[in-house]
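Please build the complex by placing chain B on the supplied structure of chain H, with the hints as guidance.
Chain order of the listed sequences is H and B. Under the working numbering, the first residue of the first sequence is numbered 1, with each subsequent residue one higher. Under the working numbering, the first residue of the second sequence is numbered 1, with each subsequent residue one higher.
FYI, nobody ran anything at the bench for these hints, they're computed from the structure. Every residue, glycine too, gets a C-beta built ideally from N, C-alpha and C. Mixed in with the good hints there might be a few duds.
Facing chain B, from chain H, some residues (calculated, C-beta under 10 Å) [what the hints assert, rightly or not]:
#: 1; residue: GLY66
#: 2; residue: ARG185
#: 3; residue: SER299
Protein chains: 2
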Amino acid sequence: MPALTRIDHLMQSVRERIAARTYPPGTRLPSVRAHARSSGVSVSTIVEAYGRLAAEGLIEARPGSGFYVTAPLAPLSLTALEPALDRDIDPLWISRQSLEADDDALMPGCGWLPSDWMYEQGVRRGLRKAARSASQDLTDYGSPLGLEPLRQRLARRLVQSDIEVGPHQIMLTDSGTQAIDLICRFLLEAGDTVLVDDPCYFNFHALLRAHRANVVSVPYTHQGLDLTAFEAALQQHKPRLYISNSGIHNPTGARLSAATAHSVLAMAQRADLYIIEDDIFGDLETRPTTRLAALDGLSRVVQIGSFSKTLSASLRCGYIAAQAPWIESLVDLRTATSFSSNRLASHILNSALGDSGYRKHLEHIRYRLSKAMDVTLTRLEQLGLSPWLRPREGMFLWARLPEGHDALSLARACLPHGVILAPGPVFSQAADAAQFLRFNVAQCSDTRIFTVLKNALDQARPD
Amino acid sequence: MPALTRIDHLMQSVRERIAARTYPPGTRLPSVRAHARSSGVSVSTIVEAYGRLAAEGLIEARPGSGFYVTAPLAPLSLTALEPALDRDIDPLWISRQSLEADDDALMPGCGWLPSDWMYEQGVRRGLRKAARSASQDLTDYGSPLGLEPLRQRLARRLVQSDIEVGPHQIMLTDSGTQAIDLICRFLLEAGDTVLVDDPCYFNFHALLRAHRANVVSVPYTHQGLDLTAFEAALQQHKPRLYISNSGIHNPTGARLSAATAHSVLAMAQRADLYIIEDDIFGDLETRPTTRLAALDGLSRVVQIGSFSKTLSASLRCGYIAAQAPWIESLVDLRTATSFSSNRLASHILNSALGDSGYRKHLEHIRYRLSKAMDVTLTRLEQLGLSPWLRPREGMFLWARLPEGHDALSLARACLPHGVILAPGPVFSQAADAAQFLRFNVAQCSDTRIFTVLKNALDQARPD
Numbered sequence: 001m002p003a004l005t006r007i008d009h010l011m012q013s014v015r016e017r018i019a020a021r022t023y024p025p026g027t028r029l030p031s032v033r034a035h036a037r038s039s040g041v042s043v044s045t046i047v048e049a050y051g052r053l054a055a056e057g058l059i060e061a062r063p064g065s066g067f068y069v070t071a072p073l074a075p076l077s078l079t080a081l082e083p084a085l086d087r088d089i090d091p092l093w094i095s096r097q098s099l100e101a102d103d104d105a106l107m108p109g110c111g112w113l114p115s116d117w118m119y120e121q122g123v124r125r126g127l128r129k130a131a132r133s134a135s136q137d138l139t140d141y142g143s144p145l146g147l148e149p150l151r152q153r154l155a156r157r158l159v160q161s162d163i164e165v166g167p168h169q170i171m172l173t174d175s176g177t178q179a180i181d182l183i184c185r186f187l188l189e190a191g192d193t194v195l196v197d198d199p200c201y202f203n204f205h206a207l208l209r210a211h212r213a214n215v216v217s218v219p220y221t222h223q224g225l226d227l228t229a230f231e232a233a234l235q236q237h238k239p240r241l242y243i244s245n246s247g248i249h250n251p252t253g254a255r256l257s258a259a260t261a262h263s264v265l266a267m268a269q270r271a272d273l274y275i276i277e278d279d280i281f282g283d284l285e286t287r288p289t290t291r292l293a294a295l296d297g298l299s300r301v302v303q304i305g306s307f308s309k310t311l312s313a314s315l316r317c318g319y320i321a322a323q324a325p326w327i328e329s330l331v332d333l334r335t336a337t338s339f340s341s342n343r344l345a346s347h348i349l350n351s352a353l354g355d356s357g358y359r360k361h362l363e364h365i366r367y368r369l370s371k372a373m374d375v376t377l378t379r380l381e382q383l384g385l386s387p388w389l390r391p392r393e394g395m396f397l398w399a400r401l402p403e404g405h406d407a408l409s410l411a412r413a414c415l416p417h418g419v420i421l422a423p424g425p426v427f428s429q430a431a432d433a434a435q436f437l438r439f440n441v442a443q444c445s446d447t448r449i450f451t452v453l454k455n456a457l458d459q460a461r462p463d
Numbered sequence: 001m002p003a004l005t006r007i008d009h010l011m012q013s014v015r016e017r018i019a020a021r022t023y024p025p026g027t028r029l030p031s032v033r034a035h036a037r038s039s040g041v042s043v044s045t046i047v048e049a050y051g052r053l054a055a056e057g058l059i060e061a062r063p064g065s066g067f068y069v070t071a072p073l074a075p076l077s078l079t080a081l082e083p084a085l086d087r088d089i090d091p092l093w094i095s096r097q098s099l100e101a102d103d104d105a106l107m108p109g110c111g112w113l114p115s116d117w118m119y120e121q122g123v124r125r126g127l128r129k130a131a132r133s134a135s136q137d138l139t140d141y142g143s144p145l146g147l148e149p150l151r152q153r154l155a156r157r158l159v160q161s162d163i164e165v166g167p168h169q170i171m172l173t174d175s176g177t178q179a180i181d182l183i184c185r186f187l188l189e190a191g192d193t194v195l196v197d198d199p200c201y202f203n204f205h206a207l208l209r210a211h212r213a214n215v216v217s218v219p220y221t222h223q224g225l226d227l228t229a230f231e232a233a234l235q236q237h238k239p240r241l242y243i244s245n246s247g248i249h250n251p252t253g254a255r256l257s258a259a260t261a262h263s264v265l266a267m268a269q270r271a272d273l274y275i276i277e278d279d280i281f282g283d284l285e286t287r288p289t290t291r292l293a294a295l296d297g298l299s300r301v302v303q304i305g306s307f308s309k310t311l312s313a314s315l316r317c318g319y320i321a322a323q324a325p326w327i328e329s330l331v332d333l334r335t336a337t338s339f340s341s342n343r344l345a346s347h348i349l350n351s352a353l354g355d356s357g358y359r360k361h362l363e364h365i366r367y368r369l370s371k372a373m374d375v376t377l378t379r380l381e382q383l384g385l386s387p388w389l390r391p392r393e394g395m396f397l398w399a400r401l402p403e404g405h406d407a408l409s410l411a412r413a414c415l416p417h418g419v420i421l422a423p424g425p426v427f428s429q430a431a432d433a434a435q436f437l438r439f440n441v442a443q444c445s446d447t448r449i450f451t452v453l454k455n456a457l458d459q460a461r462p463d
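Looking at chain H on its own, in the form it has when it is part of the complex:
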């Protein structure tokens, strides 16, 4: 009965839009006639579909006005579109758990360094310096592009990594995440396709959901994107944007090889694909990786970054490096949506980056990370977990669970014991994602983590 199938199909598509918040509560659905025209089915089919959804209580008819969504707001989560994925654990699960955790929580799954690893002294000095600075710095709005001395410093840093850029091509933001968000607002339409790595940083999924983008994942290898799958995705999905980390990949700790970088960029050029290169972990590299922004000269690649992972996450300050005409429009967008740059934070950050201590601080972090990486690898292997890759640098370790274990169940089992894990499915929608956990080796010094994990594994052991 094709009519019936069409009705079910229509109902399902409306249900999904409500779940995905494409239709938030109170949204007026397209008129029956308009919907019939656009979906190419008969008016009576739409009437029937709307009628059944109203009977389900998902929408309501308002006489003389049309049909409106009544459902409560769907959570901003993958679960809305992937019912298979456990409802309680979505791309925001780790962020919310980690950001809400009390001080004695153990957070091997969280994405940042312990506070006593960060550049506390630099921030204190910056604060004392700011307390003595001119009144404008303390009370005025920041300039549209952001504090010039900081932009000059960032430009010099980028030039050192072979990215030819001037201060006028850099806009300061309130965070690396806001930087990506602004570029997405600038480039994306609802429904545009965006490529991400599989696995990738979970917040890319959450952010792209907020943009109502169609997200397509491309497998990530030890050298970077799987080029065959990338080419296929370009052909099949005509994506507008690709978002990735070149330096140290989150969550795998892999590095983009020069050859892969070159191929990715060449293919992106042919397909007219834009790229956001999230360089937030760059300062943790032990030796520099090829940057897409360097090869491309910022024509179709935009680089973003911040110092939340190496200096302080409490100072909210990130940046966008892009071609000059884009910066102009991005400044307009930022002014319209958050008004001004963060003047005080920029000052404090600039003085912290300026004192000689930051370089020493980075060397010390890299040293501690490599030690912690070895220790954590050993402890995990003792529990039967195996690394997908032995990272040369960075804080992340992407580890496969022993056969038959499920990362989501483990995450739920460990949470009551104060251990916050990062289960694979929030990074990846691949079939085997639930066999992986991401570990932050800097957050794994407390052996209780491994005791709790061992007990959870033992109790979950399939007989």
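The following block gives chain B in isolation, referenced to the frame of chain H:
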């Protein structure tokens, strides 16, 4: 020839979408068939329209793939949709001019207080205190809702203005503008209709443009919205949201009367309209105005605010007060799009608000503002300008130019002399908007402003 007219109409609608960035460069236009279906014209008409747009170079055909927008990005400006409005002056003009101005610029048109009017001492004390605080406060991310002691303080302040709210109903943001932006992201679909006051704060236009909302202006009277026009707009446009300042209205300095507040809310309830009450000027009131949020109990009214106008604009910290279920979703949205709250700024702000000096500081500002209001009124009247209203409080004065003068030309004429004016058309699309200027009396102490203005008026005087 109806076919021809249809083609012109189609071309114009595509041109406008490109200009308004509804179709940014690289956007694939709807397929010829889809466009024909949705617009109810023949395929051949669409083919002809696309062909001509391609001939104009606005779009290009990509064989086998469709038509794509080639135009450079349109500025995020009213001018895109109102060609009548001068191209150089758009809703972002004043912000950009004021934010980019050097220290000796005269800014009677800018929307904030001079830095030496702000609470510099409180910020310095807050910075010194922060420099001694725990390392987590200096280097960790903030919690999803934001610093609890500050949220408790804000809740107490709101309860004092009869707004029943608990700390769990308050989310900290990086600015008042970001607060409005997040609520718009939460509530609005592209194409939704939003009501604003005529005149209103220009950045509402810029922000709603970024959301691709359909903006409808309702005349503002000395007591608040024109209720007849409001009712008509509700009937005709079925808007989803209304954004306004209840306390001290920007740009007019009017106050929302209790009776008007009650009627607006009752009508909003009948029409199922949501309201954002921007309370950013509340602390400048000499006596409290009725708040929509107080009457409504935060069911359909969301109140936002910040201290950028009274304490410091350099500390980026605003807030949203809303019903608890909304806060949950807003936290998800904020985490996805800017990750965490501004922990350090929240600490500094909380200590500045906490010391007894802030209340005295406010009394002093209010006193200075009332003096400056009188002086500025006199000086403007000497130049033949007449106030639309003699504001009882606040920094803004909405003044009508002598007959036959044009605010946009005056703004352009004064700019080379280092005087940044705020011309009416950026606040209003009304026919007589170009006869108005907004003055910030706190920025009008320098008499050179009136000399420059007088010369510009003299030179522009119609013979």
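Hint check:
| no. | hint | verdict |
| --- | --- | --- |
| 1 | GLY66 | holds (9 Å) |
| 2 | ARG185 | holds (7 Å) |
| 3 | SER299 | violated (13 Å) |
Hint compliance for this structure: hint 3 is the single one not met.
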